Amino acid sequence: MFSLALRNLLRRPVRTILALAGLAVPVAVLSCLLSFSEGYKSSLHTEIDRMGMQMMLVPLGCPYDAAARVLKGRSLDVTLPESALQAARKDPAVEIAAPTYTAVLPRPKEGRTDLWVGIDDTTRPLKPWWKLKPGSSWFTGPDSAILGAEAAAAELRKPGDKFYSPETGRTFTVCGVLERSGTSDDSLFFVPLATAQTMFKQPGRLTAISIRLKDPAMLSDAADRLQQIKGAQTVTLTEMMGTFLNLVGAARTLVLAISLVAVAISALSVFNTMMGAVIERTRELGIMRAIGISRGGAFGLMLLESLWLATAGGLLGFGLALLGGPFLERAVHGYVPLAPEAGLPTLTAGAFVTCITVVLGLGVLAGLYPAWQASRLRPSDALRLE
Amino acid sequence: MTGSLRAIVVLAVGVGAVVIALGLRPRDETLQTVQSTTTNPEAPAMCPWREPQRDMQAFFPGSDGYQTQTVALSRKRLQIIKRLGPGAALDSNALYINRITKQGETIGAVIVKRAAGEFGGIEIVLAVHQDGHIAGVHIQRHREPPSVAEVIASANWLGSFTGKSADAPFSIGQDIPVVPAPARTSASAVVSAIKMLMIEYDESREAVVVPHH
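Protein chains in written order, with our numbering: chain A, 1 to 386; chain B, 1001 to 1213.
Rather than coming from a laboratory, the hints here were simulated on the basis of the structure. Please note that a few of the clues may not be correct.
Pairs of lysine-lysine residues, derived as DSBU-like cross-links and limited to a Cα-Cα distance of at most 30 Å, are as follows [to be verified]:
(1) K90(A) / K127(A)
(2) K90(A) / K230(A)
(3) K1102(B) / K158(A)
(4) K201(A) / K158(A)
(5) K162(A) / K109(A)
(6) K1102(B) / K109(A)
Simulated DEER-style distance windows between Cβ atoms [said to hold, decoys possible]:
(7) P1180(B) / E167(A): 22 to 32 Å
(8) A1072(B) / L254(A): 43 to 53 Å
(9) E179(A) / R1054(B): 43 to 53 Å
(10) M1046(B) / V78(A): 31 to 41 Å
(11) L323(A) / P1177(B): 54 to 64 Å
(12) L256(A) / A1089(B): 34 to 44 Å
(13) S137(A) / A1089(B): 18 to 28 Å
(14) M1046(B) / L256(A): 35 to 45 Å
(15) T173(A) / D1167(B): 34 to 44 Å
(16) M1046(B) / G350(A): 36 to 46 Å
(17) T198(A) / G1104(B): 26 to 36 Å
(18) T173(A) / P1180(B): 16 to 26 Å
(19) F327(A) / G1104(B): 30 to 40 Å
(20) V261(A) / D1064(B): 29 to 39 Å
Owing to the predicted nature of the structure, the values given are computational and were not obtained by experimental measurement. Virtual Cβ for every residue (Gly too), placed ideally from N, Cα, C.
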């Protein structure tokens, strides 16, 4: 029965190919959309989990903008007092409170911007992906600097080399170079916190405090307490993730609706193909019924053809998504707000299962009526047709 | 089902399964490091040419365009190293040459290189006439303190390179003016970089051009 159904489809190759194409394209779009959505959520989760912190203390203002700027290594216009750090460290839920001072130095004549970040030892546990290149060490003094991988490559620096800041007139010794991590840290210059505060004439000021809790379950209570610190506001990374996901979710819903409509329309092409097949093969179906095929057999044969078509279309669509997904991802990545550095995975098993289930379901639905029509054919009526 | 039809179906399902399996294989959850585009992981990244219009007008007045060519130097490594002298090493197997044109005709070339100055990277723009002599040198980026910058970026000192060919000594104190002690390290880096560029450019005339896609 399987081979008969397949052979029947292959008797009209052009019609079958057109029906497959009509099904494959919306399935490809649906696969990519589902995968991007899952991938974005998963990558964001991973990136935030990997950070090793659950919240940030930032200066008063728009908290998400401030937190996003700090996470991406951009400076803030206002700062926190160092007393906020002492208050955070005194909180019983806080395991680590790591201060940072980030400053941006535009160099318009050279068309570039230097990003300097002042940190201390407490930052290290919050950056588990940091690996120092051979020959590197942590800060060796107030005039030592650690360079991100790309920053060091652009300046051709290695441990032991000098490094000059033209705007502040300060010369550093490169004590370490980080291995490439694929994060924004790759292009930053890191100096001791006190050095950054002195360089940029901001003694006792911070741009952000990254916080890791002893127990993530304490997040809500800890956020409420830390919110009371004067001049500061808390941003939990789960809130930030929720906001980013909401931003993407609205667009996702719209595109998902359009994709589902397209898939439903393509199911009509399967219906059309199957109805055409039933009408064309009325006499043949009549002969089959006359020689003993039951109504159920005729029904099953046509339904099987519909399922073959839907399955092949779904697999073809998935294959299209595999081929075209990376290009689509590159095009879309730049427009997604704060897209994870690791990129959006193009296809996932979840998306595959969902698409195949949808397509098979539509294949069954689209094939039901033609199959029922085929099963209702009376041999005498069918054979009478010229 | 006929044998050939069965074979086609089995083959199609098999290929499809492999493609899908490859697409769905679990990805490493740990951070991916960015892959280097050169085979030597320590090789420096390509230095961009940041102000083409400015440099073209300064060194090739009337020029109206340029075309970038990538030349593979791997077969010329030995000759280049021999000409550079003992202790020399190539940091890249490719040379990016920007051919300057005027009314469709090539009138010169511009090559950009990053040198390791004493305080940071120094990006050097080298303009070469069609006859292989230097048309001019410009420092497009550096991070040197004023005491060094006023020497290595000065028109006088950079002007001393004009007219030289690949066979010039390129030696401070010989054919290149002496510089004050604070600028000596960075100046040497600039001179070495220009010498290397000139020799690579000279050898590139017979080297393989890599097509751009």
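Each hint, compared with the structure:
Distance hint between K90(A) and K127(A) is fulfilled; the C-alpha atoms sit about 22 Å from each other, no more than 30 Å. A C-alpha spacing of about 15 Å is found between K90(A) and K230(A), which places the hinted pair at or below 30 Å, so the restraint holds. With a CA separation close to 42 Å, the supplied pair K1102(B) and K158(A) exceeds the 30 Å bound. Only pairs whose Cα atoms come within 30 Å are accepted, and K201(A) paired with K158(A) is accepted, the gap being roughly 28 Å.
Taking the CA atoms of K162(A) and K109(A), the gap is near 22 Å; set against the 30 Å cutoff, the hint holds. Restraint check: the Cα-Cα separation between K1102(B) and K109(A) comes to about 28 Å, which is no more than 30 Å; the hinted pair holds. Taking 22 to 32 Å as the suggested C-beta distance range, the pair P1180(B) and E167(A) conforms, at roughly 24 Å. In this structure the hint that A1072(B) and L254(A) lie 43 to 53 Å apart at CB holds, the actual value being about 49 Å.
For the pair E179(A) and R1054(B), the supplied restraint of 43 to 53 Å is violated, since their beta-carbon distance comes to about 36 Å. M1046(B) and V78(A) have their C-beta atoms about 39 Å apart, which keeps the hinted 31 to 41 Å range intact. At about 60 Å, the beta-carbon gap between L323(A) and P1177(B) stays in the expected band of 54 to 64 Å. At about 56 Å, the CB distance of L256(A) to A1089(B) disagrees with the hint of 34 to 44 Å.
Evaluation of the 18 to 28 Å hint for S137(A) and A1089(B) yields a pass: the beta carbon distance comes to about 26 Å. Under the hint 35 to 45 Å, the C-beta atoms of M1046(B) and L256(A), about 41 Å apart, fit the expected range. For T173(A) and D1167(B), the hinted distance range of 34 to 44 Å is satisfied, since their beta carbons lie about 39 Å from each other. Taking 36 to 46 Å as the suggested C-beta distance range, the pair M1046(B) and G350(A) conforms, at roughly 40 Å.
At roughly 57 Å, the beta-carbon separation of T198(A) and G1104(B) lies outside the given 26 to 36 Å, and the hint is violated. A beta carbon spacing of about 22 Å between T173(A) and P1180(B) agrees with the range 16 to 26 Å that was offered as a hint. Look at F327(A) against G1104(B): about 35 Å separates their beta carbons, and that is inside 30 to 40 Å. For V261(A) and D1064(B), the Cβ-Cβ distance of about 52 Å falls outside the hinted range of 29 to 39 Å, so the restraint is violated.
Of the numbered hints listed earlier, those contradicted by the structure are 3, 9, 12, 17 and 20.
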